[in-house]
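Trainee: Residue strings, one per chain:
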Amino acid sequence: MAEFGSFALCLTWVLALGGTVAGVIFGLNPASSSARNEILRRLTILVFVALGASIGSLGYSFVTNDYSIQYVWQYSNRDMPWIYKITAIWGGMDGSMLLWCFLLAGFCALVARASTHYPRPFVPWLMSFLNSSTLFFTTITLFLTNPFRYLKHQFILPDGNGLNPLLQNEYMAIHPPMLYLGFTGLAVPYAFCMAALASGQISNDWIRMTRRWTLVGWTFLTAGIVLGGHWAYLELGWGGFWAWDPVENASFLPWLITTAFLHSVMVQERKGILKVWNIALIVLAYALTVFGTFLTRSGLVQSVHAFASTDIGWVFLLYLGLIVGVAVALIVWRRSELKPERTIESMFSREAVFLLNNLVLLSICFAVLWGVLFPVFSEAFTGQKQTVGIPFFNAVNVPLFLLLVFLMGVGPTIAWRRSSLGQLLRSFLVPFLGAFVVATALVWAGITEFYPVLSYAICFFVLMTILGEVQRGLRVQAGVTHSTQWSPATLLTLFRRQRVKYGAHLIHFGVLVMTIAITASMAHKVEREFTLAPNERFNVGRFSLQLNEFHEEKTRNYEAVQAHVTVRAAKDDAVLAVLAPELRFYPKNKETTTEVALRMGAREDIYLVLAGVDETGTKASLKLYINPLQIWLWYGAILMVLGGGIVALPIRRASSQEALQPVGVSRSV
Amino acid sequence: MGRIFITLVALFAVLAGIMVFQATRGTSSLVLTPSELVARAGQGDLLRIRVGARVVEPIEYRTEPAMVLRFDAKDPKDDKGAVVSVVYENLKPDMFAAGRDVLIDGDYRGGVIKAAKLQTQCPSKYEPAMPGGHPGGVGGAR
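Each protein sequence line maps, in turn, to chains A and B.
Heads up, the first sequence is in our numbering, so the first residue is 298 and it goes up one at a time.
Heads up, the second sequence is in our numbering, so the first residue is 215 and it goes up one at a time.
Because the hints were derived from the structure by calculation, they are not lab data.
Idealized CB from N, CA, C, for every residue including glycine.
Errors might be hidden in some of the hints.
To be verified - Footprint (simulated), chain A over chain B, 3 or more residues, beta carbon under 8 Å:
{"hint": "1", "region": "232 to 242"}
{"hint": "2", "region": "250 to 259"}
Said to hold, decoys possible - Below, computed lysine-lysine pairings styled on DSS-like, alpha-carbon distance capped at 30 Å:
{"hint": "3", "chain 1": "A", "residue 1": "822", "chain 2": "B", "residue 2": "328"}
{"hint": "4", "chain 1": "B", "residue 1": "328", "chain 2": "A", "residue 2": "916"}
{"hint": "5", "chain 1": "B", "residue 1": "291", "chain 2": "A", "residue 2": "885"}
{"hint": "6", "chain 1": "B", "residue 1": "331", "chain 2": "A", "residue 2": "822"}
{"hint": "7", "chain 1": "A", "residue 1": "887", "chain 2": "B", "residue 2": "328"}
{"hint": "8", "chain 1": "B", "residue 1": "331", "chain 2": "A", "residue 2": "916"}
{"hint": "9", "chain 1": "B", "residue 1": "331", "chain 2": "A", "residue 2": "887"}
{"hint": "10", "chain 1": "B", "residue 1": "294", "chain 2": "A", "residue 2": "885"}
{"hint": "11", "chain 1": "B", "residue 1": "288", "chain 2": "A", "residue 2": "887"}
{"hint": "12", "chain 1": "B", "residue 1": "288", "chain 2": "A", "residue 2": "885"}
{"hint": "13", "chain 1": "A", "residue 1": "449", "chain 2": "B", "residue 2": "291"}
{"hint": "14", "chain 1": "B", "residue 1": "294", "chain 2": "A", "residue 2": "887"}
{"hint": "15", "chain 1": "A", "residue 1": "636", "chain 2": "A", "residue 2": "568"}
{"hint": "16", "chain 1": "B", "residue 1": "291", "chain 2": "A", "residue 2": "887"}
{"hint": "17", "chain 1": "B", "residue 1": "331", "chain 2": "A", "residue 2": "885"}
Just need the whole structure built from these sequences, with the hints factored in.
Mentor: What follows is the structure in structure tokens.
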């Protein structure tokens with residue numbers, strides 16, 4: 298199977314090279330025909346098929362325990378369940394690069410299929426830039442990280458090394474693919490942008506065409522990042538979900554820039570300004586995905602994830618230079634066509650608020666990038682390596698995030714071009730007073746820390762502005778259809794008619810829910826350590842925990858001891874849950890891990906970790922975290938992803954005129 | 215370029231610069247290896263350090279009356295390098311064992327690192343490939 302997989306990979310490389318070169322040749326020929334574009338489309342789809350064959354053969358090798366292949370031997374063993382054998386495909390660097398190529402080629406194939414309606418001179422360049430991305434990652438996979446290498450051994454080993462126990466988790470099946478879908482999805486807007494510049498199709502159409510693709514990438518990236526946080530929360534046993542580790546930051550940086558683009562693109566659509574700005578954001582977002590890949594494969598910075606000090610980092614740097622260089626050259630070449638059509642007239646306008654939103658997001662991006670690279674900078678300039686951790690990221694990002702959330706309430710409500718004082722008062726006086734009342738009530742209730750109070754007050758302000766917007770929409774809708782204003786039918790009709798606008802509100806509402814959850818879990822978290830013998834109790838807040846018994850379990854893969862703990866309400870002794878935190882020992886890897894026991898609730902999570910069992914085997918040492926409102930973080934993320942999906946859905950084309958803009962998006966937001 | 219655009223961009227550039235500068239000054243830690251730490255031991259206690267090290271025996275972990283993990287740590291890349299003692303009063307992290315690489319954040323007081331945060335490096339996706347492999351498939355040989 299290794300031969301077939303390797304052959305398919307070689308074929309991919311040849312096809313992607315062909316697509317890149319042919320795209321440039323056809324693009325340079327102004328009389329490029331539809332037939333030529335069709336050849337490019339088919340070539341791009343073939344790249345995806347060939348990569349599918351390649352990754353399929355690697356998967357087959359994993360499932361059939363083909364330990365003649367070094368990669369299969371290194372990341373699986375016979376005792377692993379089949380699902381982990383599949384997920385082990387991306388358990389190491391070589392396979393993860395192949396997955397990257399496959400997903401990227403998938404996006405390229407989808408764009409190729411959708412491109413039949415795109416302007417003819419635009420298509421060859423689009424296909425060329427898409428295939429060039431696939432070509433780069435396939436080159437790395439084929440020549441530097443080939444997962445089909447044979448194990449150099451005199452005979453085929455009877456069993457494999459096995460996947461790291463921490464990665465033997467169902468989240469491994471979904472988190473990396475989601476994240477990679479987000480990363481690879483950002484290659485599409487980059488290709489659109491470069492194709493527009495190269496072909497001279499620089500009207501606002503390309504922006505509208507790429508916006509939906511960007512949203513798709515953004516939605517996957519959001520889902521991937523949050524799934525990673527959820528996995529860390531459930532698996533790592535430290536009660537948190539985000540540690541500002543370089544790996545996390547590497548995925549967060551392009552997310553920030555893409556979010557900025559999704560806002561500033563509306564200003565370009567409406568006002569014809571921020572043209573170069575938007576191009577710069579798209580290029581930066583793609584460059585940051587490549588930078589993140591470089592960061593995690595270069596050994597440049599220390600992380601809780603053991604990076605390889607591999608020699609492939611320079612290749613990513615080279616590619617990074619190339620994509621930025623090409624973009625700068627094309628912008629300079631087309632600079633006369635990228636001049637703004639007007640300027641921002643007032644600070645009190647939607648375009649100014651969207652620009653502010655962009656600047657806050659860029660500031661956060663800069664701060665995070667600075668934090669990641671600070672060890673490198675400090676060593677270069679002072680000769681002494683220094684680093685920054687969670688306190689740095691919180692000190693800079695908490696106020697910036699709160700400002701961003703505040704702008705989220707102002708942006709969709711304020712008028713385009715200019716708002717009068719009267720309009721501002723009408724829109725924001727009631728939400729502002731509401732937020733002030735909330736802040737006062739919180740202080741009166743005993744919450745006196747500055748940032749939590751500010752955060753809750755801002756969230757209430759934004760909630761009121763969103764509800765105000767919905768109410769205004771419902772009033773108009775009810776007037777048109779002569780229906781009841783606050784009925785579900787009116788709400789549904791409103792949502793259907795202005796899907797993009799209310800999808801965006803849903804995303805904002807999700808952000809709001811997440812902000813409240815993050816604030817609560819950071820500010821009011823409870824952490825306790827204690828030891829219990831059977832039938833002993835430990836009381837904390839509204840809860841009482843009692844150890845019942847120990848339970849031992851042995852599987853083919855690991856040996857485990859569980860402590861069964863009953864959680865009761867301190868008030869009336871009612872049983873709320875029976876939790877079973879676990880200690881696992883993996884004999885093959887000689888590793889010990891903890892399995893968290895969790896009772897999720899609307900009010901708080903009870904998060905219990907078994908730290909150890911004493912020598913007599915009768916006492917359990919436990920660590921307890923009570924995380925207020927934690928579950929709402931995940932619900933908020935679901936709302937964001939749902940909103941992203943709703944906005945990204947294609948708009949039904951009602952007329953042939955609209956058919957010229959196949960991925961057009963409503964201008965109503 | 216509009217006046218408002220330039221004003222806002224300039225304002226945020228200054229604001230972000232000041233915030234990042236202040237936060238860096240107030241929170242940065244020295245990054246040291248155990249050998250570098252021991253070499254500086256004569257200078258007295260060191261506050262806010264990060265040490266990347268490899269765990270070596272002896273390891274002592276007790277959970278009563280409080281969770282305390284004591285272990286020695288040495289340079290990951292230098293077998294003959296200096297060894298320092300570490301105390302961590304918290305839950306033993308997953309995968310912690312002799313031979314594992316860890317990141318220790320804390321203070322160096324009286325010849326011992328008092329760790330505030332201890333993370334076992336996760337040998338996840340991007341481990342270096344094992345030596346000895348060679349391309350399979352076309353042109354490859356078993």
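Trainee: Determine for every hint whether it applies to the structure shown.
Mentor: Status of the hints after comparison with the structure:
1. 232 to 242: holds (count 8)
2. 250 to 259: violated (count 0)
3. 822/A x 328/B: Within the cut-off at roughly 24 Å; holds.
4. 328/B x 916/A: holds (27 Å)
5. 291/B x 885/A: Distance of about 25 Å is within 30 Å: holds.
6. 331/B x 822/A: Status holds; Cα separation ~18 Å.
7. 887/A x 328/B: holds (27 Å)
8. 331/B x 916/A: holds (26 Å)
9. 331/B x 887/A: holds (24 Å)
10. 294/B x 885/A: holds (29 Å)
11. 288/B x 887/A: holds (21 Å)
12. 288/B x 885/A: holds (25 Å)
13. 449/A x 291/B: holds (26 Å)
14. 294/B x 887/A: Distance of about 25 Å is within 30 Å: holds.
15. 636/A x 568/A: Status holds; Cα separation ~12 Å.
16. 291/B x 887/A: holds (22 Å)
17. 331/B x 885/A: holds (28 Å)
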